[in-house]
Amino acid sequence: GDTNARRRVAYDELLASQIALALVRRQQKKAAGRGTSGDGAVRRALEGALPFTLTDGQRQAIADIHDDMEKPERMLRLLQGDVGSGKTVVALMAMAAAAEAKRQSVLMAPTEILARQHAERLAPLAAKAGLKLALLTGREKGPGRRQVLEGLADGSIDIAVGTHALFQEGVAFRDLALAIVDEQHRFGVHQRLLLGSKGEAVDILVMTATPIPRTLALTWFGDMDVSVLAEKPAGRKPIATKVISLDRYEEVVAGVGRAIEGGAQVYWVCPLVQESDTLDVAAAQERYEALQQLFGDRVGLLHGQMPGRDKDQAMADFVAGRTRILIATTVIEVGVDVPNASVMVIEHAERFGLAQLHQLRGRIGRGSAASTCLLLYKGPLGPVAEARLGIMRETEDGFRIAEEDLRLRGEGEVLGTKQSGSPDWRVARPETDGDLLAAARDDARLLIERDPQLESPRGQAVRTLLYLFERDVAVRLLRAG
Numbered sequence: 001g002d003t004n005a006r007r008r009v010a011y012d013e014l015l016a017s018q019i020a021l022a023l024v025r026r027q028q029k030k031a032a033g034r035g036t037s038g039d040g041a042v043r044r045a046l047e048g049a050l051p052f053t054l055t056d057g058q059r060q061a062i063a064d065i066h067d068d069m070e071k072p073e074r075m076l077r078l079l080q081g082d083v084g085s086g087k088t089v090v091a092l093m094a095m096a097a098a099a100e101a102k103r104q105s106v107l108m109a110p111t112e113i114l115a116r117q118h119a120e121r122l123a124p125l126a127a128k129a130g131l132k133l134a135l136l137t138g139r140e141k142g143p144g145r146r147q148v149l150e151g152l153a154d155g156s157i158d159i160a161v162g163t164h165a166l167f168q169e170g171v172a173f174r175d176l177a178l179a180i181v182d183e184q185h186r187f188g189v190h191q192r193l194l195l196g197s198k199g200e201a202v203d204i205l206v207m208t209a210t211p212i213p214r215t216l217a218l219t220w221f222g223d224m225d226v227s228v229l230a231e232k233p234a235g236r237k238p239i240a241t242k243v244i245s246l247d248r249y250e251e252v253v254a255g256v257g258r259a260i261e262g263g264a265q266v267y268w269v270c271p272l273v274q275e276s277d278t279l280d281v282a283a284a285q286e287r288y289e290a291l292q293q294l295f296g297d298r299v300g301l302l303h304g305q306m307p308g309r310d311k312d313q314a315m316a317d318f319v320a321g322r323t324r325i326l327i328a329t330t331v332i333e334v335g336v337d338v339p340n341a342s343v344m345v346i347e348h349a350e351r352f353g354l355a356q357l358h359q360l361r362g363r364i365g366r367g368s369a370a371s372t373c374l375l376l377y378k379g380p381l382g383p384v385a386e387a388r389l390g391i392m393r394e395t396e397d398g399f400r401i402a403e404e405d406l407r408l409r410g411e412g413e414v415l416g417t418k419q420s421g422s423p424d425w426r427v428a429r430p431e432t433d434g435d436l437l438a439a440a441r442d443d444a445r446l447l448i449e450r451d452p453q454l455e456s457p458r459g460q461a462v463r464t465l466l467y468l469f470e471r472d473v474a475v476r477l478l479r480a481g
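Counting from 1, position 83 in the sequence shown corresponds to residue 83 in our numbering; the numbering is continuous, with no gaps.
Certain hints may be false.
Said to hold, decoys possible - Pairs of lysine to aspartate or glutamate residues, derived as DMTMM-like cross-links and limited to a Cα-Cα distance of at most 25 Å, are as follows:
| id | residue 1 | residue 2 |
| --- | --- | --- |
| 1 | Lys102 | Glu150 |
| 2 | Lys311 | Glu289 |
| 3 | Lys237 | Asp397 |
| 4 | Lys132 | Glu100 |
| 5 | Lys378 | Glu394 |
| 6 | Lys102 | Asp154 |
| 7 | Lys102 | Asp67 |
| 8 | Lys311 | Glu112 |
| 9 | Lys232 | Glu120 |
As the list claims (entries may be wrong) - Across the chosen pairs, the derived CB separations fall in these ranges:
| id | residue 1 | residue 2 | range |
| --- | --- | --- | --- |
| 10 | Arg146 | Pro457 | 56 to 62 Å |
| 11 | Arg121 | Ala172 | 25 to 31 Å |
| 12 | Ile244 | Gln292 | 21 to 27 Å |
| 13 | Phe295 | Arg146 | 40 to 46 Å |
| 14 | Glu250 | Val9 | 54 to 60 Å |
| 15 | Pro383 | Glu120 | 39 to 45 Å |
| 16 | Gly304 | Leu246 | 20 to 26 Å |
| 17 | Pro380 | Ala461 | 51 to 57 Å |
| 18 | Pro383 | Asp175 | 53 to 59 Å |
| 19 | Phe295 | Arg174 | 50 to 56 Å |
| 20 | Leu468 | Gly155 | 45 to 51 Å |
Rather than coming from a laboratory, the hints here were simulated on the basis of the structure.
Ideal Cβ placement from N, Cα and C applies to all residues, glycine included.
Construct the complete structure from the given sequences, taking the supplied hints into account.
What follows is the structure, given as structure tokens:
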């Protein structure tokens with residue numbers, strides 16, 4: 001049963017994690033920032049150039065971010081928005097505010113495809129507001145690359161968009177004010193410290209399309225202020241989700257044929273095969289060949305092992321409508337944007353987690369057409385898989401999906417961070433100890449205020465606690481600070 005003893009030790013563990021976060025936060029805030037304020041001209045020009053009006057949520061987030069940027073402390077803010085809630089525009093408005101103060105910004109994405117897409121989507125808007133934006137990934141080489149580096153160093157480029165490599169390669173900015181990190185949980189607390197250690201007091205905005213249940217937001221981002229974009233932008237259509245047995249494969253293919261004849265475009269996501277890229281690719285290749293026999297060169301293929309150039313080409317063909325069906329592994333999960341794509345087929349949907357299914361489904365419903373998501377499963381289904389598919393059919397609300405996901409799976413998996421430096425709880429269970437978490441957070445804040453160096457008897461005990469629960473990176477901060 002759930003004993004008091006376990007809850008007592010769970011509290012210690014949560015306290016250790018909250019103290020570690022509080023120390024990180026203090027360290028990042030202490031590296032005094034600089035207030036960044038402008039006259040609003042670039043932002044007004046930008047808003048005038050947008051093809052739509054901002055939602056109330058977007059306006060509120062922009063105001064929060066701007067207040068943070070004007071303060072002399074460093075900003076550390078998380079912008080959480082469900083799939084397609086319009087985070088990128090909020091990011092661009094923040095970068096415009098930095099440009100008004102004659103300072104630079106950088107937007108970092110987790111993959112080259114996403115960096116490229118952000119750049120393509122934002123460059124025309126930035127240009128209308130008189131801002132210069134450049135893309136920098138591992139693939140830009142030679143004179144082009146040198147030009148971008150020079151532009152960043154002399155300040156003629158206002159905004160750099162790229163992958164995280166931007167920060168590792170000693171890229172020099174004339175005056176960097178703002179770093180925006182897209183898809184945070186691929187970018188752990190440690191890298192966040194690294195960004196901080198660059199010495200320039202850069203304001204940090206982290207964006208995630210993974211709705212994170214409140215309890216987890218506290219364990220992971222207890223050191224950040226949070227803005228949430230709750231509503232979808234105007235014009236988003238609901239997505240009809242159907243759960244269909246793989247036995248009805250022929251019917252599904254016939255339906256897909258009718259959809260493309262009617263002008264639609266289709267994502268066909270191939271199953272995950274026991275954690276093996278090679279087998280994933282084989283499954284995708286096989287499905288590609290089968291559908292090619294029916295639909296010829298209207299079928300495209302995109303998977304993780306293709307060279308970067310081929311990936312870009314496959315995406316470009318699909319965006320331009322040269323291909324109508326894109327067979328893909330999960331590389332399309334985050335951020336890829338093709339408004340004309342209105343059908344999503346996910347094969348062996350029972351092998352995917354809820355968060356992943358939700359992310360994949362969010363690739364459609366971005367244009368004016370009504371959209372359909374088909375979840376193909378192979379029976380018999382286990383209880384968890386059945387519950388997952390049921391939830392997908394019932395709701396498109398990412399926050400509700402995240403709460404259900406936490407209930408079904410536990411935390412390390414929800415964030416997809418079993419492997420990547422997640423807080424691996426030994427005793428605490430965030431799904432049931434949420435009440436202890438809020439107390440631990442308050443306790444930690446109070447302790448750090450009263451005893452910032454952890455020197456009192458209780459402070460010494462807390463140092464031991466941090467070692468016990470392997471949060472000692474935080475103790476190193478005490479020495480560094």
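Hints broken by the structure, by number, lowest first? none
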